[in-house]
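The task is simple: from the sequences and hints, build the whole structure.
Under this note's numbering, residues 1 to 318 are what the sequence shown spells out, in order.
Take these hints with a grain of salt, some might be off.
[What the hints assert, rightly or not] Just the calculated beta-carbon pair ranges, DEER-fashion:
1. 28 / 177: 30 to 36 Å
2. 217 / 291: 54 to 60 Å
3. 300 / 265: 27 to 33 Å
4. 244 / 109: 47 to 53 Å
5. 110 / 198: 33 to 39 Å
6. 296 / 63: 37 to 43 Å
[To be verified] Distance condition first, Cα-Cα at most 30 Å in a straight line; then the derived DSSO-like pairs of lysine-lysine:
7. 309 / 297
8. 297 / 156
9. 176 / 297
10. 28 / 57
Hints listed in this document are in silico derivations from the structure and should not be mistaken for laboratory results.
From the three backbone atoms N, C-alpha and C, an ideal C-beta is built for every residue, glycine too.
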Amino acid sequence: MKKIFTTGLLGVLIILSGGYNLSAKATKRGTIGISLLTMTNPFFKVIADAFTDEAEKNGYEVIVTSGEFDVNRQKNQVNDFIVKKVSAIVLSPCESKSIGTAIQEANAAGIPVFTCDIKSLAPGAEVVSHIATDNYQGGRLAGEAMIEALGEAGGKVLILDFKQAESCLLRVKGYKEIIAAHNKAHPDRLIKTVSELPGDGKKEQGFKMAEDAIQSFPDLAGIFAINDPSALGAYAALEKAGKEDQVKIIAFDGQPEGKQAIKDGKIYADPIQFPDRIGRQTLQTILKYFDGEDVPKEQLIPTRLYRQKDGMNDPDLH
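What follows is the structure, encoded as structure tokens:
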């Protein structure tokens, strides 16, 4: 009798256990597709990891992809999300304007679209909310850092840009406004932009463009690069030419490699971003939208200027 009772109890436990597992699976609330600019840049990996972690805590699965600077590849990824009937789509557009057709297809399918870091500038493409660094404010900080770095001498400056991304356009805009105000107030120590070249946010391209600029402007005094990878490529070009002490670099991002370069004196300063906050805030915005709450069309996270003294006190660096 005891054996029969034990066997029966085990059977009940197995059934209950199976029922619990089925219930756990049923708590999955949906799937969210995210397509980022690239996963070769650690900044975007932090966004993806923070977003995924926050989503899983709230019962959502995440499909993470990246366009790798190819907007057609990214459009195909959006189409895949639509076919899979995801609950929402998050994009960091490879091109701020031409991504519009893919967003419109998601709109037509009734799938809400959110953007992070890079904004869509496509007319007629509806985005629920954009969550990003305050790139304009960061660009202004970069301008202040360049003025500080060049001091009384002023000098010629190269800008390494990435015009396909709205975020980078804002960085350069903010930078130029601060430099223009400085030049107006201090005509005796002008900071003159002598060239604006496509660094494309990549180390190898930053190297190539800086190498060309050094040859054209041997008295170059500064470089403003729109992110850490292109800045690190530029530093390698300066080092190769023996001009690493002549030219001051202002970058943007605050990736671990960039912060280390600031600590080592290779980069003068960075307006640093907070990609983990971008990732988590994007997911929280999606949840609020699903719950029927009104969400802001744009949410901007301020940057902070990071200099060598910050690197020296940074516990995350060696």
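Requested in this report: Could you grab the alpha-carbon distance between residue 297 and residue 156 and see if it respects the 30 Å cut-off?
Outcome: It is violated: about 39 Å lies between the C-alpha atoms, which goes past 30 Å.
Query - Pairwise hint evaluation, residue 57 against residue 28, where the allowed Cα distance is 30 Å at most - result: At roughly 10 Å apart (the allowed maximum being 30 Å), residue 57 and residue 28 satisfy the hint.
Report task. Determine whether the Cβ-Cβ distance between residue 217 and residue 291 falls within the hinted range of 54 to 60 Å. Result -> About 55 Å separates the Cβ atoms of residue 217 and residue 291, which means 54 to 60 Å holds.
Query raised in the report: Quick one: are residue 28 and residue 177 within 30 to 36 Å, going by C-beta?
Result: Violated, at about 47 Å.
Requested in this report: Just tell me: holds or violated, for the beta carbon distance of residue 300 and residue 265 against 27 to 33 Å?
Outcome: holds, 31 Å
**Report entry** Given hint residue 297 paired with residue 309 - CA-CA distance at most 30 Å
**Finding:** violated, 37 Å
**Report entry** Proposed proximity, residue 297 with residue 176 (alpha carbon, max 30 Å)
**Finding:** holds, 26 Å
Query raised in the report: Between residue 296 and residue 63, is the Cβ distance one that fits in 37 to 43 Å?
Result: Because 26 Å falls outside the window, the suggested range is violated.
Query raised in the report: Do the beta carbons of residue 244 and residue 109 sit within 47 to 53 Å of each other?
Result: holds, 52 Å
Query raised in the report: Has the hinted range 33 to 39 Å been met by the Cβ atoms of residue 110 and residue 198?
Result: Given a distance of about 38 Å, which is inside 33 to 39 Å, the answer is holds.
Violated hints, in rising order: 1, 6, 7 and 8; the structure is consistent with all others.
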